[in-house]
Structure formats: C-alpha cells, structure tokens
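What the sequence shown shows, in the numbering used here, is residues 154 to 429, in sequence order.
Be careful, since some hints might not be right.
Cβ-Cβ distance ranges computed for the label pairs, FRET-style [claimed, not checked]:
hint : residue 1 : residue 2 : range
1    : D228      : E358      : 37 to 43 Å
2    : E409      : R300      : 37 to 43 Å
3    : D193      : P281      : 48 to 54 Å
4    : E225      : A359      : 24 to 30 Å
5    : R255      : E355      : 46 to 52 Å
6    : E389      : L302      : 23 to 29 Å
Treat the hints as calculated values from the structure; they're not laboratory data.
Cβ atoms here follow ideal geometry from the backbone N, Cα and C, with glycine treated the same way.
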Amino acid sequence: MPTARRPRLLYVTDLAYPARGRRYCDEDIDLTARLRAEFDLALCHPRDAAALMDAFDAVVVRNSGPVLHYQEAYDAFRARAGALGTRVYNPLHGRGDMAGKRYLLDLTAAGLPVIPTVDRAEDLGRLPGAGTYAVKPKAGADSIGLRFLPYEELAGLAYGDVLVQPRIDFRYEVSFYFVDDRFQYALYAPDPAKRWELEPYEADEADLRFARRFVDWNTLDHGIQRVDACRTPEGELLLVELEDLNPYLSLDLVPEAVRERFVAALSESLHAFLKV
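Whenever a hint applies, use it, and build me the whole structure from the sequences.
See below:
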C-alpha cells in the first residue's frame, strides 16, 4: 500500500535576527529538527513566505522578528494567505500583539489585570501616579521606540500611534507558555534589569488562573501564546504583553522532559489545525 503523504509545513523564521539575549537560530533549528519526526518541513525568511506558501499545507510563523522590519512583505503575506485560504499558524485573527498593542487599551477598559494604558492626552488622569511613564508605539515590538518620560512631558506627545503606561516598580517578570489552551511551562527573570536571564518558575493555581484569562480572551483555538506579566511589590500580577504572533519560547532553558512534552503538544496541535 502507498505510504500516506506527510503534512508539509513552511516554517517562517529569521535565523540571522540579532535578538538581545536570545538566539532565534538555535531555537528554530532544534524545534524543526524535532518536528521533522512528523512533518515535512522547509524554512524560509519572512520576506519569502508569500511567494513560497502555495506548495505547503500550512505556514508556521515562528521566530520571524519584529514585523516593523519587513512591514510591506508581512502585509503582502497576510493578504495572499487570506486570498488563497492558506492555513497560518498562529491563525491571523489573534487579538494580542499580532494585531498591534491596541489590545492593552481594550483590556484596561475591561478592568482586567493589565498595566493601565491610555492613548489620548485627555485620558492621562486615569493613570496612577508614577516617577516616569513608558511611551511605546502601538505597532512596536522588541522594545523598538520605547521611551520613558516624566508626567509633565506627556501632554506634548503626538498621540494617535503611541500608548502611555506608568512605569511599574515590579519584583520580577514571569512568562507563561501555552499551546492552544494548554499550559506548558513558565519562566521568570529574577532580576528586573535582566529580562532574558530566565529561570524555571513553578506556577501555582492563582498564576494559571491569571494567565488563562488572557488566553481565553484571545479566542485562538490553535497556536502558541506567551503571557508576559510582572509581579508588583504587593504581590499582584499585571499583564505586560500577550504574545501571539511569534513568541520566543526559551526552550533551551527548560528540562528535556518539558521540551519533549512541548513538542508533542505542538505536533498534536498542528495535526488538529490541519484538519480544520
């Protein structure tokens, strides 16, 4: 009997992107080597994805770097994927960072535990007092364009494309990693000044309830999500970002058993996604 054809995946990554404190190439080389046990894979740069996607069953967007660096190519990719009905993983209707950072305004308005965020001068009074305030582009990523300003300089900003948040005094940052709606592992940065010096974190039930609120809010049936949060001095968790486009996974920092479990969950998710 003929052997059933294995699913073909176009894996989008920028192996040469110089990420601070992270090695995109190492993570994606290791992850694709593991996924090849169940899928036929080809890797490509994000600028090439639109031209190549026709020959594959799905496109998997992984460590592709900030979209700002190739916005025209990314827009063309999204348009072509939509026109062809191409399966893209994560699906392109994500409500988190995939759609820019406007979701932080929505979460603030909904009263969810997020760093308070505004985008209009007339709303500055809604923010809690702070020594300085973070100003970030709505389309930003990887801290591109991030500035810290005193309150008296905020009124003079050119609003429309920027968000303003109080600069939070936090004990540490912690990230929760999910495949679909299933929690996989958590990592944290004990030193607030060293974001990418991460260690394993034992998430308790309260932590997971916090993280799941945002995964549920995002309504992605399939995909990888990273919920980034900070722990305030009072012990509260506040959302920093909901990464649902191409979250770096820091898989090299988890035990081999956790890594194998993650790959198994990802493989299962991809198989289910291809049947949708």
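### Query
What hints, given by number in increasing order, does this structure fail?
Numbers 4 and 5 - these are the hints that the structure violates, sorted from lowest upward.
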